[in-house]
Every structure is written in C-alpha cells, then in structure tokens.
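Asker: Sequence:
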Amino acid sequence: MEAISKPAAAPHMLRYGFVLFLVEFVRGAFLVSFLPTYAVNALGISVATVGVAVSVHYITDTLIKCCAGYLLDRFSLRLIVQTGLLISFAGLLLMPYAYHLGILIGAAALFGVGISPIWLVCLSKVKPENRAANMGLLYTCWLSGIGAGPVIINFVIDKSYTLSFRIMIGLWIAAWFMSLFISNVRESAPAAIPLRKQISLLWERLTTMKPLLPGMILQTAAAGMLVPVLPGFASKYLGLPYSQYSYVLMAGGAFTVLFLVPMGKLADRFGRKWFLIIGFAAFAMTLYGLTLAYTLWQAILIAAVLGFSYSAVLPAWNALLAQYVPENQQGMGWGLFSSVEGIGVMIGPVLGGWIAALLNERVVLWVSAALLALLAIYYLLVFPGKKRELA
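Residue 295 in the working numbering sits at position 258 of the sequence shown, with consecutive numbering throughout.
No wet-lab data here; the hints were simulated from the structure. Hints may be right or wrong, so weigh each one.
Each pair of labels, with its calculated beta carbon distance range [as the list claims (entries may be wrong)]: (1) LEU418 / ALA127: 45 to 53 Å; (2) TRP334 / LEU131: 19 to 27 Å; (3) PHE218 / ILE414: 49 to 57 Å; (4) LYS247 / TRP311: 44 to 52 Å; (5) LEU180 / PRO133: 41 to 49 Å; (6) LEU417 / ASP305: 16 to 24 Å; (7) THR199 / ARG52: 24 to 32 Å; (8) LYS273 / ALA407: 50 to 58 Å; (9) LEU200 / VAL294: 25 to 33 Å; (10) TYR134 / LYS247: 21 to 29 Å; (11) LEU297 / LYS196: 46 to 54 Å; (12) LEU138 / ASP195: 22 to 30 Å.
Keep in mind the model is a prediction, meaning the values are calculated, not measured. Yeah, the Cβ is synthetic: ideal placement off N, Cα and C, and Gly gets one too.
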C-alpha cells in the first residue's frame, strides 16, 4: 500500500504567507530605505528625528502585540487584520505631508499598527501536524519580504520618490485585498492561562534568562542604530547612489542565507560558544572596516563578510535561546524573548539618529561595532552554555 504523503505547506498557508510577504516588503522598504532618505532629502527632517520615528513605529508594533491576541480572541480574524492594515495604510498616506515632527511621528505610529495582527493570524493558521513546514514557509516569506523590500525600492528611489511611494501604496492595497480571503477558523490556539499565573511564569523566565539579557538587548540595539543612518552613510561616505547601495545589501543578505545551514551544523557539532564569540567579534571588525571603504567593490566585499559573520551568529544564538524555552510553554517563552529583544529595537534607532545628528553617520557605525565587540568579550567571560531545566 502506498503511503499518503502530506503536502509540505497547505495552499491556504501560501495565501497567508503571500500577505505576510507583501506587508514585510513594504515595511522593510519604508523603514530601511524610503523613510531615511525621503525624510532627510525631500522633507528636510533631521536624522535624529527619523531615528525617533523608526523607534515609535516599533514601540507601536510592540504595544499592538500585547493587545492583538486579546482582540483576536474576541473578534473576527478577518476584521482585525483588515482594520489593522487600513490604519497602517493611513500612516503611509500621511508620509508625503510629514513636514513637521508630530505628523512624522504620527505616521510612523499608525504604520506600526497593522503588522502584528497578520503575524498572529498566520500563526493561528498553522496546523500542528504540519507545524515545521508551515513555520518554515512563514519565516521564508518574512525574511524574503523584509530583505527584498529595501533592495528593490532603492533601485526605484534613484529614479523617483513618487514612483517608490506609489509602489509601496499599491503593494499595501494588494495585501489588504488578499486579506479579504482570510477565514475566521483557527487551526491552533494557545491554552488559556490565568493572568496571575502568567505574571508568575514571566517573572520566572526573566530570572532564569539573566545571562542572555545583554545579548538580547545590545545586539538588537546595535542593529537598530544602523536603520536611520545606513542610506545616508552609503551616499555621503561611500559616494554610492541608492541603486548601488542595493548591491551592498544583496551581498550581505546572500552570504547570510548561503552559510546559515552550514554554520548551524558546525555550531551543533563543535559547540555554540566560539561561534557566538568569533561571530560577534568578526561582525564588529567588519562593521568598523565598512567605515574605511571608499569604493563599491570594497563595500560589497565587506558586506559579504558581514553576512558570513551573521550566519555564524544567528543559528548559534537561536539554539542558545531555545535551551531556555520550556517545551510546554513555547509560545510564552519565545514571546517573552521577542519582547525583550524589542527593547533594543526601540532604543537603537533613537540612539543612532541622535549620534548622527550630534556627530556623523560614521560614528554611529563605530558605536554599533563597539557594542558588538563588547558582546564578544562578554560571552568570552560569561557564557550560559549549559541547558537549564525550566519548570
């Protein structure tokens, strides 16, 4: 008798993954490429203000995560997603009129509303029997969108801000239209836990994972610092048009993806400690080296090394985090980690924008590199290598 094989990913997951791809494509294009260049060059807004706007976006996103689950339990999934996407759409439409700080901050905040609900809905559609395949699909769509957005929109920005903006608007409308086909059926849902029990479990998790906190906050802060300043740095110090800046981004992303699996296997075989230490140290040195580059090919080569370094860090880091997530509380554990890492994402853009305005973009890269070097030293001296059993 022939065995019946299940599909790697159900057709409905492809639809949800495509909506997620469109949303993350626009978010990446807007925050990483369009906002830092358009606000500074077209609206005359300072880099520091752009950093505040990016941080406000992530603060709104984090706050929505806290209440979106509650709303999704009580209202239609389709209604919550469509409402969130429409509010974010209003934030995008405000962008051309963001000549003042208040309007820019308001637009960034509104734009942060629609991201979390679609993520949570996608997770609720994952069937337990196909969890690995479906989660792989979702993460592929997420990474593809957030990576392709800045790269592609940079080629368009060189031609026209208006065309870039219209492309993002069109893709967001397409995402909203696709959300009309979201069903209200949940394939999986977390078990309800009383609030007092949740607080007790969260405090226990925070106490247990103290050795991880520096890495969780500092590395996301170091990355967040770069978001509002990298396009300006590439234009001002490397002399690159935005289309050539995309080649630099592609080199970093390609080498990250190419070496993720091999580095993960090597980390499992030889231990994660030195992959984190060497990876963070190499990341710091090459990020500093980027400030010494003067040609496109130098920048591409350094970006490739940065991607290679990140491929060494990411699998080892995620495996280390996984040791601190109880098997019977996966959702809460990863949710807590995401919230703690979000602290760095919130403060990083503000800090990066402030340093760039006070000094210059090159100093921001130096400070970011110093934070990553500090992490390498920290994990050389204090490494939480043994798995800790959590109740």
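Asker: Could you tell me which of the numbered hints above are not met by this structure, giving the numbers in increasing order?
Answerer: Of the numbered hints given earlier, those the structure breaks are 2, 4, 5, 8, 10, 11, listed in rising order.
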